[in-house]
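Protein chains: 2
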Amino acid sequence: MNGKLTIALDAMGGDSGPDVVIAAALSILRQRDDVRLLLVGDQQRLNAMVASAGRATENLEIRHASQQVEMGEMPSQALRFKKDSSMRVAINLVKEEQAQACVSAGNTGALMATARYVLKTLPGIDRPAIITSIPSIEGHTWMLDLGANVDCSADHLFQFAVMGSVLATAADGVERPRVGLINIGEEEIKGNDQVKEAARLLGGSSLNYIGFVEGDDVYKGGVDVAVCDGFVGNVALKTSEGVAKMVTHYMKREFSRNLLTRAAGAVALPVLNAFRRRIDPRRYNGASLLGLRGIVIKSHGGADAVAFANAIEVAILEAQKALPERIDNKLEALLTERQAV
Amino acid sequence: MNGKLTIALDAMGGDSGPDVVIAAALSILRQRDDVRLLLVGDQQRLNAMVASAGRATENLEIRHASQQVEMGEMPSQALRFKKDSSMRVAINLVKEEQAQACVSAGNTGALMATARYVLKTLPGIDRPAIITSIPSIEGHTWMLDLGANVDCSADHLFQFAVMGSVLATAADGVERPRVGLINIGEEEIKGNDQVKEAARLLGGSSLNYIGFVEGDDVYKGGVDVAVCDGFVGNVALKTSEGVAKMVTHYMKREFSRNLLTRAAGAVALPVLNAFRRRIDPRRYNGASLLGLRGIVIKSHGGADAVAFANAIEVAILEAQKALPERIDNKLEALLTERQAV
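Those protein sequence lines, which keep their order, are chains A and B. Residue 240 in the numbering used here is what sits at position 240 of the first sequence, and the numbering runs on without skipping anything. Residue 257 in the numbering used here is what sits at position 257 of the second sequence, and the numbering runs on without skipping anything.
None of these hints come from the bench; they were simulated from the model. Incorrect hints may have been included.
Because identical chains cannot be distinguished in the list, a pair is counted as satisfied if it fits within a single copy or across any two copies.
What the hints assert, rightly or not - With a Cα cut of at most 30 Å, we get these calculated DSBU-like pairs of lysine-lysine:
hint, residue 1, residue 2
1, Lys245, Lys220
2, Lys252, Lys220
3, Lys245, Lys196
4, Lys95, Lys220
All chains should be built: construct the whole structure from the sequences, respecting the hints.
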């Protein structure tokens, strides 16, 4: 340690492998000299690639790992047979405090299972959750869980709310983030038992709980942290991607209909591009695995260098803010408060 | 009965009341003379409104109801104290076979509770479900349940699949609609027990079950009927609305940024309007309450006359196709097939 934050990067994960990770790492190091990046993977190959990129930098180091986890591999198999995978070694570096955070674009299930096995969950946290920020009309909304847990008890949802709240404070500087529970709007049949009980727990806590929110509130704004189980969160996120893609598809089709619409499209192009930059999913790449005794960031498997660099920035931010310690403290305070009632 | 299909319309439900319903009814009757519409509500008021619209038609009749269900009213209260509500009387007309279907823009919870109480579910159907078609890149996708049932067993999901499949065949003329179960894509932790068991039931049936689909597949196409529990479906649908609204918001903002972008917007306007018509939610208004011994269509509470007319068209189609009988027959055939194995 030389006063610099150190981030371990799983260089072999993701659909495009080391190319994207190295390009992202170099782009980060061009912009900041307060971090050190550890590229984890096949040493020979990485050495050659970094050399050919022609930018050896003292803040970039390579750490060898002889294996890699495949995208379709079962998490249990990865855990058992890939003890020297780039993913596992990157997480080990966090465990051994050689790095303050790690980033991987690999297999989500294997990353979750390995991180949980190696790092363990924080006291009072039963299950880690996946969180990311989503663009909204107001700015963005943090949403969790996005797929780590399919069945969640009220206590799990409460823990998610605490973790999301701490992250929103650390990342956005909002002192009392508005926490909402995702529910459905039909009268009487409102919500299942877990959601109703979680509402009771949150209502009785000192978190800034604003009540039930519906799916559209995530994009409308008015809520900083939207909490749901991983099945609901994952389907909602994927559905959103689907709508966005359909909109783009139809737009392109309308604008390419004839010469006149093509001309209109050309005129409108800069505006459409400005719009696309605003909701660019690459800006929102980098989901956090919260609730662990260490920082693990999941990049999208298909991330390009811009998107992967964004995931590294998320890791840096969480390391600077010592997020796991903050979650630990907040949860302890809230549980003490609950017992005192 | 004079050979014409008769549809009962709850004229007092929805945010805008009889204005919208009457305008929609008149627009339908201008286009077709094979249906009769029964406006249900305050007779005096409706008489005056129809008279002032200046288009008395032999195919439009008024049926009196002295009460109305409020939008925020508890379903149990409506069921107990509003026995002469426009909603209840419209459903009674279906029960008494004076109408082949009914349409209401009223309180969803009350509509579901009343329809279930008055009409009862079909044999073999435990719970009615809400279904609607959603625009996709291919055309559209039928999705259910959209909020009637928060916790669903594997058998419920199986029944939803049967109902959705029958509707897709009746509405689109697809002989073997592709049925998918909505699930999440994470490895190993894939799905909850109900979804896994439902997959087994569907896989063993003669339905055209294509396996798990993810949230984005609903918009991508490749699946005709997407099945999920009502909590997931409701959140996914609301989230989609949220994304679409956010996209519109940002588009407007980008185009109104300065004189140049305003000019671009003016040129692009016809194209953007064409696009909006294509994904116009009014075209997709009219969700069906499936699984009942009668046809009940829910219009969006905030529907305008175009949207409400679309809901009436959905009712006409389902009445023409005798949808409840078809569902009954299909379910019986599938359950017999299952026992035979």
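Discussion item. Please sort Lys245 with Lys220 into within, between, both or neither, judging by C-alpha distance up to 30 Å.
Written reply: Both. Shortest intra-copy (19 Å) and inter-copy (8 Å) distances satisfy the 30 Å Cα cut-off.
Item to complete: Give the relationship of Lys95 and Lys220 under a CA distance limit of 30 Å: within one copy only, between copies only, both, or neither.
Response: neither (39 Å within a copy, 41 Å between copies)
Worksheet item: Should Lys252 paired with Lys220 be assigned to within, between, both, or neither, using CA atoms and 30 Å as the limit?
Response: Result: close both inside a copy and across copies, 25 Å intra and 15 Å inter.
Discussion item. Checking an output row: Lys245 and Lys196, CA cutoff 30 Å. Within, between, both or neither?
Written reply: between (34 Å within a copy, 28 Å between copies)
Going through the hint list in order, the structure does not satisfy hint 4, though it satisfies all others.
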